[in-house]
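S.K.: So the sequences go chain by chain: A and B.
First residue of the first sequence? That's 1 in my numbering, and the numbers climb one at a time after it.
First residue of the second sequence? That's 1 in my numbering, and the numbers climb one at a time after it.
You may find that some hints are simply not true.
Computed list of lysine-lysine pairs in PhoX-like fashion (alpha-carbon distance at most 20 Å, straight line) [what the hints assert, rightly or not]: (1) K11(A) - K41(A); (2) K20(A) - K131(B); (3) K11(A) - K174(B); (4) K131(B) - K163(B); (5) K101(B) - K91(B); (6) K251(B) - K101(B).
No lab work stands behind these hints, which were simulated from the structure alone.
Quick caveat: nothing in here was measured; it's all calculated off a predicted structure.
Each chain is listed here by its residues.
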Amino acid sequence: MPRIVVDVMPKPEILDPQGKAIVGALPRLGFTSFSSVRQGKRFELTVDGEVTEEILAQARDAAETLLSNPVIEDVVNVEVVEA
Amino acid sequence: MTELPLIGEAIAVAAEPRLAGARIGVVTFPGTLDDRDAARAVRLAGGTAVELWHGDAELGDVDAVIIPGGFSYGDYLRAGAIARFAPLMSKIIDAANSDAKLPVLGICNGFQILTESHLLPGSMIKNDHLKFLCRDQVLRVENSNTAWTLDYEAGQEITIPLKNQDGQYIADEKTLDALEAEGRVVFRYVGFNPNGSRRDIAGISNAAGNVVGLMPHPEHAVEPGFGPESLDGIGGSDTDGLGFFTSVLNKIVGGDK
Numbered sequence: 001m002p003r004i005v006v007d008v009m010p011k012p013e014i015l016d017p018q019g020k021a022i023v024g025a026l027p028r029l030g031f032t033s034f035s036s037v038r039q040g041k042r043f044e045l046t047v048d049g050e051v052t053e054e055i056l057a058q059a060r061d062a063a064e065t066l067l068s069n070p071v072i073e074d075v076v077n078v079e080v081v082e083a
Numbered sequence: 001m002t003e004l005p006l007i008g009e010a011i012a013v014a015a016e017p018r019l020a021g022a023r024i025g026v027v028t029f030p031g032t033l034d035d036r037d038a039a040r041a042v043r044l045a046g047g048t049a050v051e052l053w054h055g056d057a058e059l060g061d062v063d064a065v066i067i068p069g070g071f072s073y074g075d076y077l078r079a080g081a082i083a084r085f086a087p088l089m090s091k092i093i094d095a096a097n098s099d100a101k102l103p104v105l106g107i108c109n110g111f112q113i114l115t116e117s118h119l120l121p122g123s124m125i126k127n128d129h130l131k132f133l134c135r136d137q138v139l140r141v142e143n144s145n146t147a148w149t150l151d152y153e154a155g156q157e158i159t160i161p162l163k164n165q166d167g168q169y170i171a172d173e174k175t176l177d178a179l180e181a182e183g184r185v186v187f188r189y190v191g192f193n194p195n196g197s198r199r200d201i202a203g204i205s206n207a208a209g210n211v212v213g214l215m216p217h218p219e220h221a222v223e224p225g226f227g228p229e230s231l232d233g234i235g236g237s238d239t240d241g242l243g244f245f246t247s248v249l250n251k252i253v254g255g256d257k
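Make a model of the complete structure from these sequences and hints.
M.R.: Below you can see the structure in the form of structure tokens.
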């Protein structure tokens, strides 16, 4: 069944405390090549049947109203993934 | 309803009988923790507490609403994000924005719900140090003209408990400047910023002053023997939070005084 994937990231100008903690932990494990980490969220919305333009529009609407908070986050991607 | 003291004969204040006519709704969501404490604070201040359920379709006969602290819906998605769409919330949002200007107080998770509802600007993100923090916190009352701060003096310092993980208040610079210019920063952290909140902001109001949200918990500082002073004596008194509740009760009863 097709899924609609929605990716949400903290806005660039907002300090991401979780990403900061992760970037601090990486070098302790020997991963020294990464200067910054930002942590976002991925949502997978399963659709029973075909993904129409209308359903995709609904997903975009849901992404802006519930899945993200526009004050602190951006919806960076909404795409259809088959099976 | 008579409130039994938790210890000894101590009752925080001799509540004025005339305030009992004021009905303050306290909303319970799945995961709310502090609804009983908030209702108790209302009663100790002399008012009548009314239990409200998030799934209720109507607000009923209440003169003000408190959205208490806790972890509604387990803080899933974002703190307050799912509670914001509860059936009762749309009624509260309408009533708060109406000409009647229903007084609404959001405490901690309630504050997060109010920002998610767009009744208050900005948002809360994880504390800058990433830890859950519980401490007695000194606040300065910056605005004593809101529905919930009338019984305080501007500039007064109060000490009430603070306990949260997602308490870092943020908004863009333009919004912060507007909040400052319009006197809508209602409380500021004093001495120590416990979570990295912009400009030490602990609580804000809407433009009309009927909607107030803050991260610390006034309902936990309403009774002698159970407030900050008895823990470590950092100042204030055990009942510094009581003024929130007497403020709104006095405002509601108003002309009868």
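S.K.: Each hint needs a verdict: does it hold in this structure or not?
M.R.: Checked hints:
Distance hint between K11(A) and K41(A) is fulfilled; the C-alpha atoms sit about 12 Å from each other, no more than 20 Å. A C-alpha spacing of about 13 Å is found between K20(A) and K131(B), which places the hinted pair at or below 20 Å, so the restraint holds. With a C-alpha separation of about 16 Å, the suggested pair K11(A) and K174(B) falls inside the 20 Å cut-off, and the hint holds. Between K131(B) and K163(B) the CA atoms are separated by roughly 10 Å; this keeps the pair inside 20 Å, and the hint holds.
At roughly 12 Å between alpha-carbon atoms, K101(B) and K91(B) fall within 20 Å of each other, so this suggested pair holds. The suggested pairing of K251(B) with K101(B) holds, with an alpha-carbon distance near 12 Å, which does not exceed 20 Å.
The structure shown violates none of the earlier numbered hints.
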